[in-house]
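Chains as they are written, first to last, in the UniProt record's numbering: chain A, 1 to 133; chain B, 1 to 90.
Please note that the accuracy of each hint is not assured.
As the list claims (entries may be wrong) - Here are the simulated distance ranges between beta carbons:
#, chain 1, residue 1, chain 2, residue 2, range
1, B, SER76, A, VAL34, 34 to 44 Å
2, A, LEU120, B, ASP48, 27 to 37 Å
3, A, ARG60, B, ASN13, 39 to 49 Å
4, A, VAL112, B, GLU24, 44 to 54 Å
5, A, ARG60, B, ASP48, 42 to 52 Å
6, B, GLY41, A, VAL123, 13 to 23 Å
To be verified - On the chain A side, residues computed to face chain B include the following (Cβ under 10 Å):
#, residue
7, GLN58
8, ARG60
9, THR89
Just so you know, these hints were derived from the structure itself, not from any lab.
Glycine included, every Cβ here is placed at the ideal spot set by N, Cα and C.
These are the residues of each chain, in order.
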Amino acid sequence: MLQISQELADKIVAHARADHPDEACGVIAGRDGVPERFVPMANAERSPTFYRFDSMEQLRVWREMDDRDEEPVVIYHSHTATEAYPSRTDISYASEPNAHYVLVSTRDEAEVEFRSYRILDGVVTEEEVRFVP
Amino acid sequence: MAIEVRIPTILRNYTGGAKAVTAEGATLDELISNLESAHPGIKERLVDQGALRRFVNVYLNDEDVRFLGGLGTPVSDGDTVTVLPAVAGG
């Protein structure tokens, strides 16, 4: 299960909406599996169908997390024309075994789809998301 | 010549859980081969057909080695090499 504050979830959705129709991506850093610090990342691909963290930005952010004893608790990105379910490329490139992979779909202007998954060795497991104050 | 190599979570099964290991070599290519001799299997996760894998980022100190010289990048004592899997998808 992913437990995340409503405020952080709203930030993810706002980022996804702002970058639509391109995919948005980023990290929520935290400790002990608790998502705490919102870190929006540039999508180096600037694409409606693909995302990739900029390699230099990633190094900086990963070092910062290391220095603060944090982990990438959540790795999020948006789908802008399809459902919030991991694509084949999402599954094959998933590389943080401890992260919650959050997907947001912005295909519907009115309704938000916000879902979370574990992706381990090519296996996707959806998990419950609980929004807390 | 000792060079520190920082290992990402997903590759720590090759290093007995260690976050950082040391290796030797004059170029990144040699360093990775040296790493392979101590941690068999790790090279294949980094290199494919004589080039760095597309979805693995390797940094020499503060630079992405793609902007330096790829596997031919010279490395020297005291350098730090950081491996981070790219975060990407569709």
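13 to 23 Å as the expected CB spacing between VAL123(A) and GLY41(B), which holds or is violated:
21 Å, holds
Tell me if GLN58(A) is really an interface residue toward chain B, meaning its C-beta lies closer than 10 Å to one of theirs.
6 Å, holds
Return holds or violated for the Cβ distance of SER76(B) and VAL34(A) against the range 34 to 44 Å.
40 Å, holds
So, as I understand it, the hint says ARG60(A) touches chain B; can you test that by seeing if any CB pair is closer than 10 Å?
Where the cut-off is 10 Å and the nearest Cβ of chain B is about 9 Å from ARG60(A), the hint holds.
Hint check: is the beta carbon of THR89(A) less than 10 Å from a beta carbon of chain B?
4 Å, holds
Can you let me know if the beta-carbon spacing of ARG60(A) and ASN13(B) is within 39 to 49 Å?
26 Å, violated
Range agreement (Cβ of ASP48(B) with Cβ of ARG60(A), hint 42 to 52 Å):
26 Å, violated
Between VAL112(A) and GLU24(B), does the beta-carbon spacing fit 44 to 54 Å?
52 Å, holds
Looking only at beta-carbon atoms, does the pair LEU120(A), ASP48(B) fall within the given range of 27 to 37 Å?
Because 22 Å falls outside the window, the suggested range is violated.
Of the numbered hints listed earlier, those contradicted by the structure are 2, 3, 5.
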